[in-house]
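Taken in sequence, the protein lines are chains A and B. Residue numbering for the first sequence follows this note's numbering, beginning at 1 and increasing consecutively. Residue numbering for the second sequence follows this note's numbering, beginning at 292 and increasing consecutively.
Just so you know, the hints here were simulated from the structure itself, not pulled from any lab data. Predicted model, so just to flag it, every value in this text is computed and none were measured. Don't take every hint at face value.
[As the list claims (entries may be wrong)] 30 Å max Cα-Cα, derived BS3-like pairs, lysine-lysine:
{"no.": "1", "chain 1": "A", "residue 1": "Lys245", "chain 2": "B", "residue 2": "Lys295"}
{"no.": "2", "chain 1": "B", "residue 1": "Lys488", "chain 2": "A", "residue 2": "Lys245"}
{"no.": "3", "chain 1": "A", "residue 1": "Lys13", "chain 2": "A", "residue 2": "Lys29"}
{"no.": "4", "chain 1": "B", "residue 1": "Lys420", "chain 2": "A", "residue 2": "Lys178"}
{"no.": "5", "chain 1": "B", "residue 1": "Lys419", "chain 2": "B", "residue 2": "Lys463"}
{"no.": "6", "chain 1": "A", "residue 1": "Lys178", "chain 2": "B", "residue 2": "Lys413"}
{"no.": "7", "chain 1": "B", "residue 1": "Lys488", "chain 2": "A", "residue 2": "Lys29"}
{"no.": "8", "chain 1": "B", "residue 1": "Lys349", "chain 2": "A", "residue 2": "Lys111"}
{"no.": "9", "chain 1": "B", "residue 1": "Lys488", "chain 2": "A", "residue 2": "Lys226"}
{"no.": "10", "chain 1": "B", "residue 1": "Lys463", "chain 2": "A", "residue 2": "Lys13"}
{"no.": "11", "chain 1": "B", "residue 1": "Lys369", "chain 2": "B", "residue 2": "Lys459"}
{"no.": "12", "chain 1": "B", "residue 1": "Lys488", "chain 2": "A", "residue 2": "Lys178"}
{"no.": "13", "chain 1": "B", "residue 1": "Lys419", "chain 2": "B", "residue 2": "Lys459"}
{"no.": "14", "chain 1": "B", "residue 1": "Lys463", "chain 2": "B", "residue 2": "Lys374"}
{"no.": "15", "chain 1": "B", "residue 1": "Lys374", "chain 2": "A", "residue 2": "Lys111"}
{"no.": "16", "chain 1": "B", "residue 1": "Lys419", "chain 2": "B", "residue 2": "Lys329"}
{"no.": "17", "chain 1": "B", "residue 1": "Lys459", "chain 2": "A", "residue 2": "Lys13"}
{"no.": "18", "chain 1": "B", "residue 1": "Lys448", "chain 2": "A", "residue 2": "Lys111"}
{"no.": "19", "chain 1": "A", "residue 1": "Lys205", "chain 2": "A", "residue 2": "Lys13"}
{"no.": "20", "chain 1": "B", "residue 1": "Lys419", "chain 2": "A", "residue 2": "Lys178"}
{"no.": "21", "chain 1": "A", "residue 1": "Lys205", "chain 2": "A", "residue 2": "Lys131"}
{"no.": "22", "chain 1": "A", "residue 1": "Lys111", "chain 2": "B", "residue 2": "Lys329"}
{"no.": "23", "chain 1": "B", "residue 1": "Lys309", "chain 2": "A", "residue 2": "Lys178"}
{"no.": "24", "chain 1": "A", "residue 1": "Lys13", "chain 2": "B", "residue 2": "Lys369"}
{"no.": "25", "chain 1": "A", "residue 1": "Lys178", "chain 2": "A", "residue 2": "Lys29"}
{"no.": "26", "chain 1": "A", "residue 1": "Lys82", "chain 2": "A", "residue 2": "Lys111"}
{"no.": "27", "chain 1": "B", "residue 1": "Lys448", "chain 2": "A", "residue 2": "Lys13"}
{"no.": "28", "chain 1": "A", "residue 1": "Lys13", "chain 2": "A", "residue 2": "Lys131"}
{"no.": "29", "chain 1": "A", "residue 1": "Lys223", "chain 2": "B", "residue 2": "Lys488"}
{"no.": "30", "chain 1": "A", "residue 1": "Lys111", "chain 2": "B", "residue 2": "Lys369"}
{"no.": "31", "chain 1": "B", "residue 1": "Lys459", "chain 2": "A", "residue 2": "Lys111"}
{"no.": "32", "chain 1": "B", "residue 1": "Lys374", "chain 2": "A", "residue 2": "Lys13"}
{"no.": "33", "chain 1": "B", "residue 1": "Lys448", "chain 2": "B", "residue 2": "Lys349"}
{"no.": "34", "chain 1": "A", "residue 1": "Lys245", "chain 2": "B", "residue 2": "Lys309"}
{"no.": "35", "chain 1": "B", "residue 1": "Lys329", "chain 2": "A", "residue 2": "Lys178"}
{"no.": "36", "chain 1": "B", "residue 1": "Lys488", "chain 2": "A", "residue 2": "Lys205"}
{"no.": "37", "chain 1": "B", "residue 1": "Lys369", "chain 2": "A", "residue 2": "Lys5"}
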Amino acid sequence: MHDIKEHLLELIKVTSTDLPADVEDALRKAVDDEQPNSSARSALETILENISMSRESARPICQDTGTPIFYIHHPHGWSQMKLRQQTIAAVQSATEQSYLRPNAVEAVSGKNSGNNTGTDFPTVHFEEWEKDHVRAALMLKGGGCENCGIQYTIPSPEFPASRDLAGIRKAVLDSAHKAQGLGCAPGILGVGIGGDRATSVIKAKEQLFRNLNDSNPDPQLDKLEKQLHREINELGIGPMGFGGKTTVLGVKMAELHRLPASFFVSIAYMCWANRRQVMIIKDGVASFERI
Amino acid sequence: MATKLDVPISEDQIRSLKVGDQVLLSGVIYTGRDAAHKYMIDNFISGPCPDSEREMYKILQRELAGSVIYHCGPVVRKLPNGKYEFVAAGPTTSIREEPYQGDVIEHFGVRAVIGKGGMRDKTLAACKKSGAVYLHAIGGAATLIARSCEEVVDVYKLDFGVPEAFWKIRVKDFPTVVTMDAHGQSLHAAVREESGKMLQQLLAS
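All chains, full assembly: derive it from the sequences and hints.
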């Protein structure tokens, strides 16, 4: 195996300062849907200007550089222990260089660790695979949008909804209304259906890596994703919650096997600044993969 | 056409603002978020100020009157000359300060709070009573807003951590929009109500 710390540092830098094309394109399309001189339109124009400025000056798009969430696929024989150490070192360097904010805070005391690392911080998922190269994916997920995430247990006395597509639709619509503009709308909703309480949320977050223009391989879920995208925008919450046509840029869902007793619908809300990038590292050379 | 406001801001200037007005703010303001608000309530508002915090109390009393609190946890760079620079500095979600904000506005005579996502009834009532507004900045626009921060003048309570400290900054033409005014109007309440009606319609269909 190689030491990939410097590559991971580059991955962090690009993820924090440059937004993937699918998200920027969706924001650009949304501008024309809003009324001239409206606060909603002005918000989107400011967002687009900020994206360009961040890219050109290599500064963080958003000061909340969030929880760094890594997914690292590696060949046989690579040490996950060493990969974890390299990942942590890369996060610390990126923080020293002001590409990340020191965000790791002790839960009870509130004490900031100062170097952006701590207990289970950053989040690192590993997967060994048959290929001969490393694939490192990173998502930076800020706290404002993370706070808008929610998990429904269907049905419950508080939330009567059926264990079917109609019940899932009800939960997702309800979550979008609850979120209003608080998670920096227009956001993207990742939805995990089934699983246990933990796997359901992880699956929901993984959906946020998907290209906004892709299709769900499951025709039923694909139809529901597109329907919910349209219906949530009919709520009129709009950019920043100012009122307007674009409340979400997409809805992406996936299901997992569940226990007969449990039916969870977990929603991960991602802000418009959906900062995620994928890097391929082969024979010591790194390149970015288009999402 | 945006209204230009300079700190210190008078009550008359604040009461002339209405929901939807664009404001370009200039002058010396303070960042303050979760730890800062809890600190102000615990040490200055809920009970007598402990001796250890008396100096900080005097500073805040003097400087927050007529000024602005910005809900922001910046990315900061320390320069070779020992001064700091804001690298990225967009707003954080304001609703977490709802239990504290109204009391802080009234106690210190704060004229405006900048944040994102809006706040609720207690803050809205304090804005009306005391003469203050909620100014919405664009969430996530951190590089752009950092450019309107001309100078980091000072920092207090850095032991709270970089995001949570009180950063004293000089801003020039900081772009915001009034979403809660001093007349009891809130864009956030209006959007929540209208979108709630639409939600019920969709669920009934």
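Here's how the hints hold up against the structure:
no. : hint                : verdict
1   : Lys245/A x Lys295/B : holds (29 Å)
2   : Lys488/B x Lys245/A : holds (16 Å)
3   : Lys13/A x Lys29/A   : holds (26 Å)
4   : Lys420/B x Lys178/A : holds (28 Å)
5   : Lys419/B x Lys463/B : holds (26 Å)
6   : Lys178/A x Lys413/B : holds (19 Å)
7   : Lys488/B x Lys29/A  : holds (27 Å)
8   : Lys349/B x Lys111/A : holds (25 Å)
9   : Lys488/B x Lys226/A : holds (22 Å)
10  : Lys463/B x Lys13/A  : holds (28 Å)
11  : Lys369/B x Lys459/B : holds (15 Å)
12  : Lys488/B x Lys178/A : holds (13 Å)
13  : Lys419/B x Lys459/B : holds (26 Å)
14  : Lys463/B x Lys374/B : holds (18 Å)
15  : Lys374/B x Lys111/A : holds (24 Å)
16  : Lys419/B x Lys329/B : holds (23 Å)
17  : Lys459/B x Lys13/A  : holds (28 Å)
18  : Lys448/B x Lys111/A : holds (12 Å)
19  : Lys205/A x Lys13/A  : holds (21 Å)
20  : Lys419/B x Lys178/A : holds (26 Å)
21  : Lys205/A x Lys131/A : holds (25 Å)
22  : Lys111/A x Lys329/B : holds (14 Å)
23  : Lys309/B x Lys178/A : holds (26 Å)
24  : Lys13/A x Lys369/B  : holds (19 Å)
25  : Lys178/A x Lys29/A  : holds (25 Å)
26  : Lys82/A x Lys111/A  : holds (27 Å)
27  : Lys448/B x Lys13/A  : holds (29 Å)
28  : Lys13/A x Lys131/A  : holds (26 Å)
29  : Lys223/A x Lys488/B : holds (24 Å)
30  : Lys111/A x Lys369/B : holds (21 Å)
31  : Lys459/B x Lys111/A : holds (21 Å)
32  : Lys374/B x Lys13/A  : holds (24 Å)
33  : Lys448/B x Lys349/B : holds (14 Å)
34  : Lys245/A x Lys309/B : holds (23 Å)
35  : Lys329/B x Lys178/A : holds (25 Å)
36  : Lys488/B x Lys205/A : holds (29 Å)
37  : Lys369/B x Lys5/A   : holds (24 Å)
Of the hints listed earlier, there is not a single one the structure fails to meet.
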